[in-house]
Every structure is written in structure tokens, then in C-alpha cells.
Amino acid sequence: MLVSKRFGGIDHRKKHQMPENKPSILILHGWGRFTGSWNPVKEELEKEGYRVFYPPLPGLDENQPLEKPWTIDDYVQWNKDYAEKNQLDRFCLVGHSFGGRIAIKFAQRYPEKLSGLILVSAAGIRNERTARRYARLARIAQAFGKLSFLPGYQLGRKVFYRLILRQTNYVSLKNEVMKKTLGNVVEEDLTPYLAQIKTSTLILWGADDRTTPLTDARLMTARLPNCRLEIIAGVGHKPHQESPEKTAQKILDFIKTLWRSSSS
7 MLVSKRFGGI
17 DHRKKHQMPE
27 NKPSILILHG
37 WGRFTGSWNP
47 VKEELEKEGY
57 RVFYPPLPGL
67 DENQPLEKPW
77 TIDDYVQWNK
87 DYAEKNQLDR
97 FCLVGHSFGG
107 RIAIKFAQRY
117 PEKLSGLILV
127 SAAGIRNERT
137 ARRYARLARI
147 AQAFGKLSFL
157 PGYQLGRKVF
167 YRLILRQTNY
177 VSLKNEVMKK
187 TLGNVVEEDL
197 TPYLAQIKTS
207 TLILWGADDR
217 TTPLTDARLM
227 TARLPNCRLE
237 IIAGVGHKPH
247 QESPEKTAQK
257 ILDFIKTLWR
267 SSSS
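For the sequence shown, the working numbering gives the first residue as 7, with consecutive numbering after it.
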């Protein structure tokens with residue numbers, strides 16, 4: 007399914023030959039321990055000759071623990087430093103879920119560094135449903151903490167979070183620094199920044215996403231001045247895992263469209 011906006015009715019399914027100086031692609035993964043889940047998409051993009059950077063985010067990788075709680079601004083600064091260290095200029099930024107939060111704020115703050123922005127099931131829209139969910143999660147986390155002396159506590163906690171709340175964010179956190187970091191992150195509503203982003207943007211979403219609902223995607227589409235929305239049927243919150251080939255093709259089509267627009 008395709009919803010186009012300010013893209014002149016171009017058939018994005020066609021393949022176009024790319025120039026030698028293809029833009030680099032930087033992927034920001036979602037919240038949770040870094041597992042390399044974007045590697046299948048990364049490999050598809052690399053087959054087409056792109057340089058793809060896919061770093062583990064600080065605090066979500068055992069080799070990069072945080073010494074103090076971070077905010078989205080801290081992650082934006084880290085992303086800027088990483089791009090400069092790797093000599094990335096005018097690159098295409100991909101942000102999934104939590105990575106989408108970083109990507110939104112980075113695009114608003116440093117538009118000159120980007121050739122394109124891709125938001126995949128991106129978080130950042132604060133609504134009552136989201137606020138209630140995290141408030142409930144915090145209350146239950148506190149209650150479970152009082153039962154830690156019971157036999158089988160850890161197993162019961164994991165089962166409850168996964169099956170009842172369908173949420174593993176808190177159970178995967180090993181220290182207070184990351185719990186506070188998560189709190190800092192989800193508290194910030196990025197909706198006001200959307201209208202300020204002029205970078206050409208692809209919003210890519212799973213039709214069955216229950217974590218960041220499709221209403222968030224439509225709100226982003228309405229607020230971003232230069233974007234298009236593509237919805238993948240039969241896919242939930244992790245298009246890169248559930249349908250890596252389709253996800254990679256959507257990204258490739260978008261980047262090729264950017265090149266075609268800039269060269270016309």
C-alpha cells in the first residue's frame with residue numbers, strides 16, 4: 007500500500023541506475039539489547055553498492071554502558087559525533103522505533119547533514135495511550151520489586167512482562183541508569199519538531215503494528231512537509247525482521263527516487 011505526498015506521482019517500483027557516489031546509509035536500531043536484527047536488510051543494501059553503517063547504541067550494548075542517564079539530546083550528539091568520526095556527509099538516516107526518536111530530532115537539528123530520512127515504525131508521538139501504558143508499566147515494576155525475595159521471582163517476572171504486558175523493555179534493563187534513560191526518552195513528545203523537518207522522508211510502517219500504531223504514522227505524514235507513507239501489509243512493529251526483503255526494497259526505491267529528483 008502506498009500513500010504519496012509531494013512526489014509527483016513517480017512510479018517508485020521502477021529500478022534506476024545509481025551514480026558511483028551513492029549516499030551512505032546509517033541505521034539506528036530500536037530499544038533493547040543490540041542483536042544485529044537489521045543485518046539482513048543491511049546485506050541487501052550493500053549488494054546494491056551502498057556503504058551501510060549499523061552501530062550499537064550506547065547503553066544498549068554491553069560494551070558501551072552509560073555512566074549516567076541519557077536523554078534524546080545525548081543520543082543525537084552521539085549520532086553526530088559518530089557520523090563525523092566516520093566521515094559521513096549528506097547521508098541517509100534510518101531510524102527504527104527508539105532509533106526513530108533520535109532520527110527525528112537529528113533531522114530537525116542537522117538538516118544539512120542528511121540527504122534523506124527514513125522512519126521505520128518510529129516512536130516519538132506522545133499520546134494518552136502511550137503515557138498510560140508506561141505509567142502502568144512503572145507501577146507494576148515497582149510492585150514486582152517488592153516480591154524479589156520469593157522463589158522463582160525472575161522467571162515469573164519475565165513471563166508476566168512478556169505474556170501479560172507484551173512488553174520487555176523494563177525486564178531487559180539491568181540497572182537504574184537505563185531505567186531512567188528510558189523514562190527520559192518516553193517523556194519527550196517529538197510532535198512539535200515534525201513540521202520543522204524539510205528533509206525528504208519515507209515513513210515505513212507495518213499495517214499490524216501494535217507498539218507504535220498506524221495512527222502515529224498518519225500523524226507524522228500529516229505533519230512532515232516533504233514525505234510519503236508506505237505501509238507493509240501483514241507486518242507488525244519489526245518490518246526489518248518480519249519482511250527484510252520488502253523493507254530493503256522500499257528503502258532502495260526511496261533512495262533512488264531521491265537521486266532522480268536531485269538530478270532532474
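Misleading hints may appear alongside valid ones.
Restraint ranges, calculated between C-beta atoms of paired labels, are given here [what the hints assert, rightly or not]:
| no. | residue 1 | residue 2 | range |
| --- | --- | --- | --- |
| 1 | R229 | E68 | 14 to 22 Å |
| 2 | K86 | N232 | 15 to 23 Å |
| 3 | P61 | Q255 | 20 to 28 Å |
| 4 | N190 | A228 | 33 to 41 Å |
| 5 | D214 | N27 | 18 to 26 Å |
| 6 | K86 | N190 | 28 to 36 Å |
| 7 | G240 | P71 | 34 to 42 Å |
| 8 | G38 | Y88 | 33 to 41 Å |
| 9 | K86 | G240 | 31 to 39 Å |
| 10 | G42 | K91 | 28 to 36 Å |
| 11 | N181 | N232 | 38 to 46 Å |
| 12 | K86 | G38 | 21 to 29 Å |
| 13 | E68 | P231 | 38 to 46 Å |
| 14 | E251 | R96 | 25 to 33 Å |
For the record, the hints were derived by calculation from the structure and aren't laboratory data. Values in this document were obtained by computation on a predicted structure and should not be read as measured data. No residue lacks a Cβ here, since even glycine has one placed at the ideal position from N, Cα and C.
Quiz item: Between N190 and A228, does the beta-carbon spacing fit 33 to 41 Å?
Solution: violated, 27 Å
Self-check item: Outcome of range test on Cβ distance (N181, N232; 38 to 46 Å)
Solution: holds, 40 Å
Quiz prompt | 28 to 36 Å as the expected CB spacing between N190 and K86, which holds or is violated | solution = With Cβ atoms ~18 Å apart, the hint is violated.
Quiz item: At the C-beta level, are R229 and E68 separated by a distance inside 14 to 22 Å?
Solution: violated, 37 Å
Quiz item: Between D214 and N27, is the Cβ distance one that fits in 18 to 26 Å?
Solution: violated, 38 Å
Quiz item: Taking the beta carbons of G38 and Y88, is their distance inside 33 to 41 Å?
Solution: violated, 19 Å
Quiz item: Can the suggested window of 38 to 46 Å be confirmed for the beta-carbon pair E68 and P231?
Solution: holds, 40 Å
Practice problem: Determine whether the Cβ-Cβ distance between K86 and N232 falls within the hinted range of 15 to 23 Å. | Solution: holds, 22 Å
Quiz prompt | Satisfaction of the hinted span 28 to 36 Å by the C-beta atoms belonging to G42 and K91 | solution = With Cβ atoms ~21 Å apart, the hint is violated.
Exercise. Kindly confirm whether 21 to 29 Å is satisfied by the beta carbon distance between K86 and G38.
Key: Holds - the Cβ-Cβ distance for K86 and G38, about 23 Å, lies within 21 to 29 Å.
Exercise. Indicate whether the distance between the beta carbons of G240 and P71 respects the range 34 to 42 Å.
Key: holds, 38 Å
Self-check item: Outcome for the supplied range 25 to 33 Å, where the beta carbon pair is E251 and R96
Solution: holds, 27 Å
Checked against the numbered hints listed earlier, the structure breaks hints 1, 4, 5, 6, 8, 10; every other hint is satisfied.
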